[in-house]
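Protein chains in written order, with UniProt numbering: chain A, 1 to 369; chain B, 1 to 369.
Hints in this document: simulated from the structure, not taken from any laboratory. Treat each hint with caution, since some may be false.
Between beta-carbon pairs, the in silico distance windows are [claimed, not checked]: (1) A/R41 with B/Q97: 50 to 58 Å; (2) B/D344 with A/Q2: 45 to 53 Å; (3) A/G338 with B/E84: 50 to 58 Å; (4) A/R351 with B/T79: 52 to 60 Å; (5) A/V173 with B/E84: 29 to 37 Å; (6) A/G90 with B/Y102: 34 to 42 Å; (7) B/V83 with A/Y102: 39 to 47 Å; (8) A/E56 with B/G296: 57 to 65 Å; (9) A/A81 with B/V83: 39 to 47 Å.
Derived list of chain A stretches under chain B, where covered just means 3 residues or more per stretch with a C-beta under 8 Å from a C-beta of chain B [what the hints assert, rightly or not]: (10) 185–196; (11) 228–236; (12) 289–303.
Predicted model, so just to flag it, every value in this text is computed and none were measured. The beta-carbon is built from N, C-alpha and C at its ideal position, and this holds for glycine as well.
Protein chains: 2
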Amino acid sequence: MQTELSKKLGIEYAVFGFTPFPAVAAAISRAGGFGVLGAVRYTAPDDLKRDLDWIEAHVEGRPYGLDVVMPATKVEGVTEADVEAMIPPGHREFVRQTLAKYGVPELPEGEAAGWRITGWMEQVARTQLDVAFDYPIRLLANALGSPPADVVARAHEQNVLVAALAGSARHAVKHQAAGIDIVVAQGYEAGGHTGEIASMVLTPEVVDAVDPLPVLAAGGIGSGRQVAAALALGAQGVWLGSLWLTTTEADLHSPALTRKLLAAGSGDTVRSRALTGKPARQLRTEWTDAWDDPAGPGTLPMPLQGLLVADAVSRIQKHEVDPLLGTPVGQIVGRMTGERAVQDVFDDLTRGFEQAVDRVVRIAGRSGR
Amino acid sequence: MQTELSKKLGIEYAVFGFTPFPAVAAAISRAGGFGVLGAVRYTAPDDLKRDLDWIEAHVEGRPYGLDVVMPATKVEGVTEADVEAMIPPGHREFVRQTLAKYGVPELPEGEAAGWRITGWMEQVARTQLDVAFDYPIRLLANALGSPPADVVARAHEQNVLVAALAGSARHAVKHQAAGIDIVVAQGYEAGGHTGEIASMVLTPEVVDAVDPLPVLAAGGIGSGRQVAAALALGAQGVWLGSLWLTTTEADLHSPALTRKLLAAGSGDTVRSRALTGKPARQLRTEWTDAWDDPAGPGTLPMPLQGLLVADAVSRIQKHEVDPLLGTPVGQIVGRMTGERAVQDVFDDLTRGFEQAVDRVVRIAGRSGR
């Protein structure tokens, strides 16, 4: 499974795996794909350093990358405290009441909210980059908007390719103008922040819009058939995130959450603003229902919503409060029915891809191998 | 492009085209695909007879089919007048006010509402079937739920295959239990009534759920790349509806609507209950916005909403009131950028399919032709 992009990166399969877990990222690269470590959860540079050291020690020389969340436009001189002060008291009260209704305990004394996504603050993302550029990363992905020009320039100086996620052809064209190298076309069915255009329509639209830039298809991909479909649509590879959440190398720290993921069907996710203030696909829970209920106060814009719910989400996860427990995940969650090693999942993807190619070749009346 | 199903039906390409226009249906079958005439707009049996006669005269002996809307469960003894009486006066007033706000004129004296979809009433659908079974149709599709058992039996007696649309694997399995022969897996991105699961996820899910029944992929398909993707996902063919709306053989009776379709991008549709009371993807207009506005009265359940807006929609269409003018159409509308003959569209699909197969074969490192 070789495309121009996979050849450029020296990988065996054009399968890119996004994950917050170093062990998953390393396993994906070792399997012949390209592991991309999500950096958003790292607040201390030393934690990121520790995990990149771990990847270096376990990736067997294969290439890998890093995913940060960095806005192209920054607001000068605004601190987290300033942003906190913008949150209306009524919304804080709604959080308190909802947690009380379900009897969600406090975090243990001295334990900080682990979920707080301070990686979204630009200064944190820049500190992450200072760490990351000391490692031989081959790809830097930005999950929200085009990366700033100086970051693109610095990456290119270090021979690091820059990727950016787009939910529409218009966004993809903006990324291209910002000088990036790869567009990740993120369809409606994807986990996390998504637009409304489904992968079947979005992938070829983005491919045509940014030609000759390579495009990775993201959203709805969790089998070899879907890999083949994405490549038929014109993608130079696929970008998978959800599928790795239930691998044995993943460390969700929550057996209850793993159980919920394994039990969920493709219809059990929702595109909700509950988590960050922007629409992000996630497991549908009584927590997302409460925020999406027209009778409630509704969600706040990013970044207010994320700050508002950070402690609450940490408490829900820490104490595994089942009806409220969720995570960003795509519609492909319906295919995640058992905990398996990354290598097994990868083998299924590549074997399924070959079978899908056999099928299409047969339908097209081609001679085959 | 041959699958088991296309061989069974004796067609050259596994491309099924749904359309309300006899000239389009005949042209699709003549091009080597399978034309399916939508019957929902026919109120008088003689009109359907006239159009089936026309197809017979123009289809050059190729197979074709009919699509009806028939509920599996019927409500005995309920007339259209009974249903009309259930509509709250406040909703009628909202329709009046909205039409007045845009200065929508009345229909000319004596002109009936052409849009009224009485084909949804079961007695009308049965009259349509009595007509259709006198013609050598090869396929009977039901757009809403499983067809009644006696209809399936009658179709099978006459060697007519029965298809039903499904937006989830659960619905598909119900159809299979009802004895149908083909499932049309209708993804979120499709025009008309849709669920929330996108084609990339839905197609393989339905294929696996109803195996060995053949599945047609619907939703987001308007190019040969998308045909190849759908077949890679396990479909035995594709079901296209939107793409034909801007063909030269289509007769929308509205140059303004054709212009809107040609100008619309993939992000210009919305899944709204405004038309029928069930979520149906259509062009987003100020009419759908009015119904989807939380400040308005909201929509009524099917069939009330359809009856409530029937006259209004006819007036909007008749007088081409631009901001309100819409039609069911899928996200693929972004690809419909010029009026072209059905044969041209078909040639693009088959040529694009071959190119997509070339591409996938190359990526897979196969020998090619």
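To see whether the hints hold, each was checked on the structure:
Between A/R41 and B/Q97, the C-beta spacing of about 51 Å keeps the proposed range 50 to 58 Å intact. In this structure the supplied range 45 to 53 Å is violated for B/D344 paired with A/Q2, their Cβ-Cβ distance being about 34 Å. At about 53 Å, the CB distance of A/G338 to B/E84 agrees with the hint of 50 to 58 Å. At roughly 58 Å, the beta-carbon separation of A/R351 and B/T79 lies within the given 52 to 60 Å, and the hint holds.
Here the CB-CB span from A/V173 to B/E84 is close to 49 Å, at odds with the stated 29 to 37 Å. Look at A/G90 against B/Y102: about 37 Å separates their beta carbons, and that is inside 34 to 42 Å. B/V83 and A/Y102 have their C-beta atoms about 42 Å apart, which keeps the hinted 39 to 47 Å range intact. The supplied range of 57 to 65 Å is met by A/E56 and B/G296, whose beta-carbon atoms lie about 58 Å from each other.
Remark: the range hint 39 to 47 Å for A/A81 to B/V83 is contradicted by a beta-carbon distance near 59 Å. With a threshold of 8 Å between beta carbons, the proposed coverage of the stretch 185–196 of chain A by chain B holds, since 5 of its residues qualify and at least three are required. Only when three residues or more bring their CB closer than 8 Å to a CB of chain B does the claim for the stretch 228–236 of chain A stand; here the count is 7, and the claim holds. With 1 residues having a Cβ less than 8 Å from any Cβ of chain B, the stretch 289–303 of chain A misses the three-residue criterion, and the hint is violated.
This entry does not satisfy hints 2, 5, 9, 12, going by the numbered hints stated previously.
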